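Visitor: All chains should be built: construct the whole structure from the sequences, respecting the hints.
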Amino acid sequence: MTLPEGQDPEATSDAGATPEAAVPAPAAAAAPAKPARPAKEVEPKDAPRVAPPAGSINDVLAKAAAITLTAAYMVPEMKGECVAIEVARDDIPAVMTAARDDSRLDLNYLRCLSGVDWQDEGLEVVYHLWSISKKHSLQVKTRVTYEDPNVPSIAAIYPAADWHERETRDMFGINFEGHPNLVPLLLPEDMTDHFPLRKDNPLQEIEEWQGDNLRDGAGEGDE
Amino acid sequence: MVLERDPALDVVDMPINMGPQHPSTHGVFRMVLVVNGEKIVDLVPHIGYMHRGGEKLMEAMDFRQGIGYCDRTEYLAQFSAELAYCLAVERLMDLQVPERAEYIRVILTEMNRLSSHFMFAGAFGVDAGVFATSFTYAFPQREFLQEVFEEVSGDRLMYAYFRVGGLAWEVPDNFVQRVHEVLVHSAQGLKDIDDLLTKNEIFMARCQNIGSFSAQRAIAYGLSGPMLRASGVPWDLRKDEPYSIYDRFNFEVPVGNYGDVYDRYLVRIEEMRQSISIIEQALEQLPPDGPIVPEKMPRRLRTPPGEVYAKVEAPRGEWGVYLVSKGGDKPYRLKMRSPSFCNLSALREMTIGHYLADAVMILGSMDIVLCDVDR
Amino acid sequence: MTMLLSAPAIDMPGALASVLGLVAITLVMTVGVAYATWYERKIIARMQLRLGPTRVGPFGLLQPIADMLKLLVKEDLRPATADPIAFELAVFAIFIPSFLAFVAVPFTADWLISPLPLSLLYLLAISGLSFIGFLMAGWGSDNKYALLGGMRAAAQLISYEIPLILAMVGVVMVTASADVYQIILFQDRIPLIVWQPLGFIIFLTASIAEVERPPFDIPTGESEVAGGVFIEYSGIRWSMFQLSSYVNMYVFALLGAFVFLGGWEWPFGRDIGWGYQLLLTVSKMALFIFFYLWIRASFPRMRVDQLMSYAWKVLIPFALLQIFLNGLFIVYDAPGVVLAASSWAAAGGLMYLAFHVVRRGEPRKPLQMISVRATAVAARSAS
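Residue numbers (numbering that gives the first Met the number 0), protein chains in the order written: chain A, 0 to 222; chain B, 0 to 374; chain C, 0 to 382.
Don't read these hints as lab results, they were simulated from the structure. From a predicted model like this one, the values you see are computed outputs, not experimental measurements. Incorrect hints may have been included.
DSS-like, lysine-lysine: derived pairs with alpha carbons at most 30 Å apart [claimed, not checked]:
#1 A/Lys-78 to B/Lys-55
#2 B/Lys-55 to A/Lys-198
#3 A/Lys-78 to A/Lys-62
#4 C/Lys-364 to B/Lys-198
#5 A/Lys-62 to A/Lys-134
#6 B/Lys-238 to A/Lys-78
#7 B/Lys-190 to C/Lys-41
#8 C/Lys-312 to C/Lys-364
#9 B/Lys-198 to A/Lys-134
#10 A/Lys-140 to A/Lys-78
#11 B/Lys-190 to C/Lys-364
#12 A/Lys-134 to C/Lys-364
#13 C/Lys-41 to B/Lys-198
#14 C/Lys-143 to B/Lys-198
#15 B/Lys-38 to C/Lys-143
#16 A/Lys-62 to A/Lys-140
#17 B/Lys-238 to C/Lys-364
#18 A/Lys-78 to A/Lys-133
#19 B/Lys-38 to B/Lys-198
#20 B/Lys-295 to A/Lys-78
#21 B/Lys-38 to C/Lys-312
#22 B/Lys-55 to A/Lys-140
#23 B/Lys-38 to C/Lys-364
#24 A/Lys-133 to A/Lys-198
Short derived list, chain C residues pointing at chain B, Cβ under 10 Å [as the list claims (entries may be wrong)]:
#25 Pro-213
#26 Glu-223
#27 Leu-366
#28 Met-368
#29 Ile-369
#30 Arg-372
Taking CB as the label site, the calculated pair distances span [what the hints assert, rightly or not]:
#31 B/Pro-14 to C/Gly-274: 55 to 65 Å
#32 B/Tyr-48 to C/Leu-50: 30 to 40 Å
#33 B/Val-31 to C/Leu-352: 33 to 43 Å
#34 B/Lys-38 to C/Asp-270: 54 to 64 Å
#35 B/Gln-215 to A/Glu-80: 27 to 37 Å
Ideal placement from N, C-alpha and C gives every residue a C-beta, glycine not left out.
Guide: As C-alpha cells, this is what we get:
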C-alpha cells in the first residue's frame with residue numbers, strides 16, 4: 000500500500016493555505032503579523048498555530064523586504080520555539096536578501112533547505128535560517144503547485160543552497176530558477192523526469208517482525 | 000579562477016578523473032579535476048554513488064525503526080545521528096528523557112566523537128603520505144572504543160542503542176570502569192598521533208595555508224563543525240544551543256585563526272581532548288541508577304502533527320533532522336541535514352588554484368562520510 | 000660511457016668472468032631484494048605497532064618467496080590503448096641500468112667485477128638513466144595518472160641528480176680520486192662523514208629522492224596519483240619495477256656506505272679477510288636502508304613544488320658551498336680540522352635553513368580556546 004493512504008489524508012496542516020486564501024496583511028504591519036490566520040477553522044487534529052509575539056522577527060523581515068507574509072506562526076524548536084513564515088514564491092529572493100543583509104536579522108547561515116510534498120496542497124520548500132551572531136532562527140516556507148514547480152534560486156544569496164537546491168530538484172522536481180547548474184546531483188545525470196521523494200512513488204510497507212506487530216501467519220511458509 | 004598561461008605555449012588543460020575508485024577519495028566520491036600541469040583549474044565533484052533514498056525509506060519506517068537507519072547513514076558517528084533523530088521525535092512527542100539516560104547518551108556520543116576523530120587522524124595522515132603509521136596508531140584506539148560500544152549495544156558498528164525517550168536497555172555493570180580504562184588508552188593514542196604528526200615539518204608544510212576559507216565564506220557555504228571553527232567562527236551547538244545536558248559541563252571550544260587544513264586538523268585534535276574531559280565530567284555526575292526510559296512511555300510511538308528541526312554537534316558538524324509529522328507513527332517527511340554534504344559543497348571553491356596533491360589534503364580535512372553525503 | 004664500460008672488461012683475464020659475475024650479482028640481488036621487502040615489512044611493522052609477516056615460515060621468512068611466486072604467476076596486462084613498445088620496454092629501461100651499477104661496486108677489497116678508474120662517475124651516471132624508463136612508462140601507459148607520475152619522476156630525478164653529483168664532487172676534491180675503490184682506501188682511519196658532513200646530508204637527502212622513497216615518493220604517491228607510473232602494470236612487469244626500485248636503494252645505500260662511512264676499510268683496515276669485509280659492507284648498507292625505512296614510516300609526503308624548491312633553493316646552494324669550502328681547503332692547504340669544522344657548521348646552517356624554506360611562513364598563532372562553563376547543575380537525583 001502506498002504510504003500516504005496509511006495516514007489520514009484529511010489531517011493536513013493548515014499550512015496548505017494557498018496564497019489566495021491568505022489574507023494579505025498590511026505591509027506597514029503595526030499589528031504583529033495578524034495576517035493569514037485561517038488556521039482557526041482547520042480541524043482540531045492539526046497542530047495548533049500560535050502567532051508570534053509582537054515585534055518578532057517576522058515583522059522586521061516583512062518591513063525590511065517590503066513584502067507581505069502569507070503567514071507567520073511559531074514552530075517548535077529543540078528548546079523553545081522559533082518563527083516560521085510563509086511567503087509567496089516570488090518574494091523568496093527579497094526575503095532571503097533582507098534576512099541575510101538586514102543588521103537586525105543577520106540570518107547569515109542557511110542551515111537546511113528541504114522539500115516537502117503536501118500532495119493536494121502542492122510542494123513546499125522550507126528554508127532554515129540561523130543567525131550566528133544573534134542566535135535566533137527563522138523558517139521560511141513557500142508553496143508551489145505540481146504544474147508550476149518553479150521557485151527562484153537563492154544559490155547566489157546563500158552559496159550553501161547550491162547543492163541543497165540541486166538535491167531538492169532531484170527528489171521533488173522543484174525547479175529553482177536561476178540556479179547556475181541545476182543538474183542532478185545525487186541521482187543519475189539522465190534521471191530528470193522522475194522524482195523519487197514525491198508521495199506518488201509508493202514504498203512497500205515494511206513488515207514488522209518484532210513485538211506486538213508480529214502478525215499471525217506472518218512467518219508462514221518459513222518452515 | 001583561471002590561471003594565466005603563455006599563449007606562445009600551446010598548453011591545454013587536462014581533465015583527470017579522480018574516483019570513484021581512488022585510494023584517497025574516502026569512499027565512492029568522484030571528482031573531475033581540470034589541471035594545468037599540477038595546478039587545479041577546475042573541479043567538479045560528483046556524488047550520489049551511495050544514494051539509497053534513505054529519506055524515502057525512513058518515511059516507511061516507524062520512529063523506532065528509523066533509528067537504525069541513522070546508523071547506516073552516518074556510520075562513523077552513529078550515536079550523534081541517533082541522538083539527533085531521537086531528539087526530534089522527543090521534541091514532537093514532548094517526552095522528558097530521564098537523567099541517567101541523558102548522561103549515558105552524552106558519554107557515548109562523546110566517545111563516538113573520539114572514535115570518529117581517531118578515524119580522521121589516521122586517514123588524514125595517510126592522505127598526507129605517512130605510510131599508514133598514523134592509521135596504525137589511531138585504529139587500536141578506535142577499536143578500544145568500539146569494544147565498549149559493542150558491550151553496551153551489542154554491535155560494533157550499527158548500534159541502534161538510543162531510543163526515543165531514552166535508551167534501549169541498561170548499560171553493563173562495569174560500564175563506568177570500562178569507560179575510564181578506555182579513556183586512558185585514548186589519551187595515550189592522542190598523544191602518539193600528536194607526536195607523530197602535529198609538529199612534523201613536512202606535515203606542517205603540506206597543511207598550512209592550504210584550502211584556507213575565511214569565516215565569511217565558511218558561513219555562506221553553510222560549513223559546520225570543525226570546518227567552521229577552524230575558519231574562526233566560534234560556533235558549536237553544544238555551546239550555542241545546548242541540547243541534551245551539554246549545559247552542565249565545562250569545556251573549551253577550539254577555534255582556528257587561518258581556516259586552513261592545518262587548523263582543521265588542530266581543531267579536531269583539540270576537540271578530542273575536550274571530549275575526554277566532557278566524558279570524565281559526565282562519568283562523575285552520572286546517577287548511579289535510575290530509569291532509562293520515561294515512566295509514562297507510550298507503547299506505540301505516535302507524534303502529534305507538527306514539524307521540528309533537531310540538530311546535534313556531530314563530529315563532522317551539525318547533523319540535523321527536519322521531521323514533519325502528520326500524526327501517526329511514521330514521519331511524513333524526514334530530511335537529514337548531513338554536515339558532510341554541506342561541507343563537501345565548498346570543495347570546489349577551496350581547491351581551485353592549489354596543487355593536485357592539495358586536493359587530496361583538502362578533501363581529507365573535510366573528513367566526509369560518503370554514506371552521509373549521499374544518504 | 001661505452002669506452003669506460005668496455006675497456007677494462009676486455010683487459011680482464013676473461014670477459015666471461017665479468018659476465019658471470021654480473022649474472023651472479025643479479026641472482027643474488029634478486030633474492031637479496033626479496034628479503035629487503037621482508038626486512039622492510041618487519042621493521043616498519045614494528046614501528047607501526049604490528050607484527051609484520053609471521054605466517055609463512057619462521058618469522059615469516061618465506062614470505063618473500065611466496066610473494067615472488069604470486070607475482071610471477073599473475074597475469075601480465077597491457078591496456079589496449081597503451082603504446083606497446085614504450086610500455087613493454089620501459090621496464091627494461093629501468094631494470095637494466097639499476098643492475099648494471101653493480102659492475103663497479105666493490106663489495107670487498109677483492110670482490111669487484113670491473114675496476115673502473117672513474118667508477119664514482121659511472122655509478123652516478125648509470126643510476127641517473129632510470130628516468131628515461133619512468134618517462135616511457137608514464138607516456139606508454141596511456142593513463143593520466145601514469146603520465147603525471149612519469150613527469151614528476153623525470154623532474155624529480157633530474158633535479159636531485161644535481162645536488163647528488165655536487166656532493167660527490169666535494170668528496171672527489173678531498174680524496175683526489177673518482178674511483179670508489181680509492182675513496183674507500185682513503186678512509187682507512189677516519190671516514191669521510193667526519194670531513195664532509197654537509198656533503199653527507201646532501202647525499203642522504205638526494206639519494207632518498209633518487210630512489211623515490213618517502214618523503215620523496217611523489218612519482219608513485221599512493222594517495223595522489225595512485226601508484227603513478229606503475230598504475231597500469233601488473234604481474235612480472237610490476238615486480239620488475241619494484242625490484243629495480245629496491246636495487247636502486249641498495250646501490251645508493253652501498254654508495255653511501257663506501258663514500259661516507261668508509262666501506263669495508265674503516266675501522267678495521269683491509270687485512271681482516273673478505274668475510275668480515277662483506278659483513279661490514281652489508282651492515283653499513285643495512286644502516287642506510289634502516290634509515291630509509293625509518294623515514295618512510297614517519298614522514299608524510301612532500302608536495303611537488305616543495306620538493307623542487309628544496310632541491311634548487313636549499314640543497315644545490317649548500318652543495319656549492321661545500322665545494323667552495325673544499326676549494327679553499329685545497330688552495331690554502333689548511334689543516335683538516337678546519338675543513339671538518341667548516342663543513343659541520345655549514346651542515347648546521349643547512350638544517351636550520353631547511354626547516355624555514357620548506358615551511359616558508361611566519362610563526363602561527365595557536366588556536367583560540369573559547370571556554371564554556373556549565374550553566375546548569377546536575378540534579379543529583381537518581382530514583
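Visitor: Hint by hint, note whether the structure agrees.
Guide: Hint check results:
1. For the suggested pair A/Lys-78 and B/Lys-55, the alpha carbons sit about 27 Å apart, so the restraint of at most 30 Å is met.
2. Among the hinted pairs, B/Lys-55 with A/Lys-198 is consistent with the structure: their alpha-carbon atoms are about 9 Å apart, no more than 30 Å.
3. Between the alpha carbons of A/Lys-78 and A/Lys-62 the distance comes to roughly 27 Å, so the proposed pair stays at or under 30 Å and holds.
4. With a C-alpha separation of about 14 Å, the suggested pair C/Lys-364 and B/Lys-198 falls inside the 30 Å cut-off, and the hint holds.
5. A distance of roughly 21 Å separates the Cα atoms of A/Lys-62 and A/Lys-134; the hinted pair therefore holds under the 30 Å criterion.
6. In summary, the hint linking B/Lys-238 to A/Lys-78 is supported, as the alpha carbons are separated by about 14 Å, within the 30 Å threshold.
7. For the hint linking B/Lys-190 to C/Lys-41, the alpha-carbon distance of about 24 Å falls within 30 Å, and the restraint holds.
8. Distance hint between C/Lys-312 and C/Lys-364 is fulfilled; the C-alpha atoms sit about 27 Å from each other, no more than 30 Å.
9. This hinted pair does not check out: B/Lys-198 and A/Lys-134 have alpha carbons roughly 36 Å apart, beyond 30 Å.
10. Our distance criterion of 30 Å between C-alpha atoms is met by A/Lys-140 and A/Lys-78, whose separation comes to about 21 Å.
11. Proximity of B/Lys-190 to C/Lys-364 is assessed by CA-CA distance (about 21 Å); at most 30 Å being required, the pair is judged to hold.
12. Note on A/Lys-134 and C/Lys-364: the hinted pairing holds, with a Cα-Cα distance of about 28 Å set against a maximum of 30 Å.
13. With a C-alpha separation of about 26 Å, the suggested pair C/Lys-41 and B/Lys-198 falls inside the 30 Å cut-off, and the hint holds.
14. Distance check on the hinted pair: C/Lys-143 and B/Lys-198 sit about 34 Å apart at the alpha-carbon level, beyond 30 Å; violated.
15. Using a Cα cut-off of 30 Å, the hinted pair B/Lys-38 and C/Lys-143 holds, with the two alpha carbons roughly 14 Å apart.
16. In summary, the hint linking A/Lys-62 to A/Lys-140 is supported, as the alpha carbons are separated by about 18 Å, within the 30 Å threshold.
17. Of the pairs offered as hints, the one joining B/Lys-238 and C/Lys-364 holds, with about 23 Å between alpha carbons and a cut-off of 30 Å not exceeded.
18. In summary, the hint linking A/Lys-78 to A/Lys-133 is supported, as the alpha carbons are separated by about 16 Å, within the 30 Å threshold.
19. For the hint pairing B/Lys-38 with B/Lys-198, the CA-to-CA distance comes to about 27 Å; that is within 30 Å, so the pair holds.
20. For the given pair, B/Lys-295 sits about 21 Å from A/Lys-78 by alpha-carbon distance, which is consistent with the 30 Å threshold.
21. Using a Cα cut-off of 30 Å, the hinted pair B/Lys-38 and C/Lys-312 holds, with the two alpha carbons roughly 21 Å apart.
22. For the proposed pair B/Lys-55 and A/Lys-140, the alpha carbon gap of about 21 Å is at most 30 Å, so the pair holds.
23. Straight-line distance between C-alpha atoms of B/Lys-38 and C/Lys-364 comes to about 28 Å, which keeps the hinted pair within the 30 Å bound.
24. Proposed proximity of A/Lys-133 and A/Lys-198 is contradicted: the alpha carbons are some 37 Å apart, above 30 Å.
25. With a cut of 10 Å, the hint placing C/Pro-213 at the interface with chain B holds, because the nearest CB-to-CB distance is about 6 Å.
26. A least Cβ separation of about 5 Å between C/Glu-223 and chain B falls short of the 10 Å threshold, and the interface hint therefore holds.
27. With a cut of 10 Å, the hint placing C/Leu-366 at the interface with chain B holds, because the nearest CB-to-CB distance is about 4 Å.
28. The beta carbon of C/Met-368 is positioned within 10 Å of a beta carbon in chain B (closest approach about 4 Å), and the interface hint is therefore held.
29. Below 10 Å, beta-carbon pairs count as interface contacts, and C/Ile-369 has one with chain B at about 4 Å; its hint therefore holds.
30. Restraint check, C/Arg-372 versus chain B: the minimum CB separation of about 5 Å is within 10 Å; hint holds.
31. A C-beta distance of roughly 59 Å is found between B/Pro-14 and C/Gly-274, which places it inside the suggested range of 55 to 65 Å.
32. Distance hint check for B/Tyr-48 and C/Leu-50: the Cβ-Cβ separation is about 36 Å, which falls inside the suggested range of 30 to 40 Å.
33. Distance hint check for B/Val-31 and C/Leu-352: the Cβ-Cβ separation is about 40 Å, which falls inside the suggested range of 33 to 43 Å.
34. Evaluation of the 54 to 64 Å hint for B/Lys-38 and C/Asp-270 yields a pass: the beta carbon distance comes to about 59 Å.
35. Restraint check, B/Gln-215 to A/Glu-80: a C-beta distance of roughly 29 Å satisfies the suggested window 27 to 37 Å.
Of the numbered hints given earlier, the model fails hints 9, 14, 24; all others are met.
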